[in-house]
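Chain A is fixed; fit chain F onto it per the hints.
Number of protein chains: 2
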Amino acid sequence: MKFSLTTLGTASALPTVNRFPSAHVLNVHERLFLIDCGEGCQIQLRKYGFSFLKIQEIFISHVHGDHIFGIYGLLSTMSMLGRTAELFIYAPKVFKDILKSFLKHFGDGFKYKVTHIVINVKSPELLYETKSIEILAFPLNHRTDCFGFLFREKAPLRNVIKYMIEKHNLTLFEIARLKEGANVEREDGEILKNEELTYIPFVPRSFAYCSDTSPFTELPEYVKGVDLLYHEATFTEETKALAETTMHSTALQAAETALNAGAKKLVIGHFSSRYRDASVFLNEAQTIFRETCLAQEGREFEIPVLLTSGHNS
Amino acid sequence: MKFSLTTLGTASALPTVNRFPSAHVLNVHERLFLIDCGEGCQIQLRKYGFSFLKIQEIFISHVHGDHIFGIYGLLSTMSMLGRTAELFIYAPKVFKDILKSFLKHFGDGFKYKVTHIVINVKSPELLYETKSIEILAFPLNHRTDCFGFLFREKAPLRNVIKYMIEKHNLTLFEIARLKEGANVEREDGEILKNEELTYIPFVPRSFAYCSDTSPFTELPEYVKGVDLLYHEATFTEETKALAETTMHSTALQAAETALNAGAKKLVIGHFSSRYRDASVFLNEAQTIFRETCLAQEGREFEIPVLLTSGHNS
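Order-wise, the sequence lines are chains A and F. By our numbering, the letter at position 214 of the first sequence is numbered 207, and the numbering carries on one by one without gaps. By our numbering, the letter at position 280 of the second sequence is numbered 273, and the numbering carries on one by one without gaps.
Mixed in with the good hints there might be a few duds.
Where chains are identical, the list cannot tell them apart; a pair therefore holds if satisfied intra-copy or between any two copies.
Unchecked claim - Straight-line C-alpha distance at most 25 Å; calculated SDA-like pairs for lysine to any residue:
#1 K172 - E127
#2 K86 - N176
#3 K155 - V56
#4 K233 - G174
#5 K233 - D138
#6 K86 - T9
#7 K47 - E290
#8 K89 - S(-3)
#9 K104 - L235
#10 K47 - T9
Keep in mind the hints are simulated off the structure, nothing from the lab. Quick caveat: nothing in here was measured; it's all calculated off a predicted structure.
Isolated chain A, as found in the complex (with noise of 0.2 Å):
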């Protein structure tokens, strides 16, 4: 049941020694979604363990080469180790030639299907989901078409307190109603109410993405009591002006947005080569935002799963 972030690149448009640029594995019950897809994304794979089969779905935020020139060697690599499942790509429509040239040159002999579904988003909208979780687009605020994504776990289907089963006698059918969050109602006419003999198992989990992006007025609310937030934080208040000329964020900005959202955690990243040491984005987040840490290449984020206390648990 693992819902955890594990940061490959925290570099912004220029790479440094020991900064990848941005690529981020989420895995949600060892299903793994990859997020962005800088250059060297394969290498800093393997070097975390990560099984490139394990991933069946690719975001890509917008189309920069620091999010994107990884994808070429990746898809190759993906080919040559024998891939056979369809690959999905979710990135906005300007990739679409961008493929198409790719895999005119580098396509022969690919045993699997790269299809790439256009994002094109104006508000949070359902981009994905699979049984365990959904996935939503939201537009950003960039020089180009960009968009975040939030990853929220479903809610689980509810468990029935034991010693209720026996108490009334429930039958499979009557279970199965409750589970899915229905009262029962008896042949005699009682409602058995189902907080009074369910839970849930565990709380949903939900992790977004923001990067790049100035700030701007709507994006809180569409990150609205996520776990985990990861932002870019290209510069910092120092360099502000620069940030609002690249359409970038300050570390400030970010912990501001985190606050205003009232996200339990923040991640940032995507730093700007000027800064030699992150520390400097983290005390200035933490300013207003405690609850902030930096992303550094292989750092996995955890977000523990939160067992409710059932009565017979």
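Chain F in isolation, oriented as in the chain A frame:
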């Protein structure tokens, strides 16, 4: 007067945690020639302290991903670093379309021109020269158009032995003629023989690059007598069948080419990811060619300048 090769990547098609894809830098008198540009090349260039500004020419042996996927990031970074100097990329014909697509999507704001010069030779041909070096391309034998490169320092102007200047009371014109290698005829008909009055200040050095290729008859002739030969060694004799079907070489075959060419030193690289420990390649090659070295990320192979002993030195 440096003349040295640094390997940035020793992997073949599949990079590993410790092996980056193919990329090499040849430093000729502090001018850097980049040879192949696999994914992560810009990160490796930084790591090993090479200035991007000193690169004016890139040589691409062939358009397979592991030799080219780093070019997108490198070109973008050069732009962000404010490059204005034209960049010349020597690459097979098919690169034209790839470059066009790249510049269309990522070339906005480039303040420098990227010029693709098509390599298309059937035998060794001069590709490029400066006042100190000439670079030839020659065909290799691979699954796609693929070329090797021969870098030859030009013969320097000859030095005139100091005491000969006094002895013969040489004029400036006569000295200039002697430096160029000519004999000098005096007014009285006497012939001053060049070899008696001059010497070469240093012995010109040479380097050849052969990746990717299966062995073929003409190759040793193409790289005859080079001081340093880089040759791919993707497989070993144990996996020779794979080398044949993929049109690569074994370490032994690389050594045979070095031996037949009379190369002074051999560097092997482009190792298959199936071999964790590269010493197996070294041992195999050294059975017939003692002066073999293993390429390694960041390892530099310098050819020291050999000063000749002039009579006045």
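So, going through the hints one by one against the coordinates:
no.	hint	in the structure
1	K172 - E127	within (20 Å within a copy, 78 Å between copies)
2	K86 - N176	neither (45 Å within a copy, 70 Å between copies)
3	K155 - V56	neither (52 Å within a copy, 64 Å between copies)
4	K233 - G174	neither (49 Å within a copy, 64 Å between copies)
5	K233 - D138	within (22 Å within a copy, 49 Å between copies)
6	K86 - T9	neither (29 Å within a copy, 32 Å between copies)
7	K47 - E290	within (20 Å within a copy, 29 Å between copies)
8	K89 - S(-3)	neither (30 Å within a copy, 42 Å between copies)
9	K104 - L235	between (45 Å within a copy, 20 Å between copies)
10	K47 - T9	between (29 Å within a copy, 18 Å between copies)
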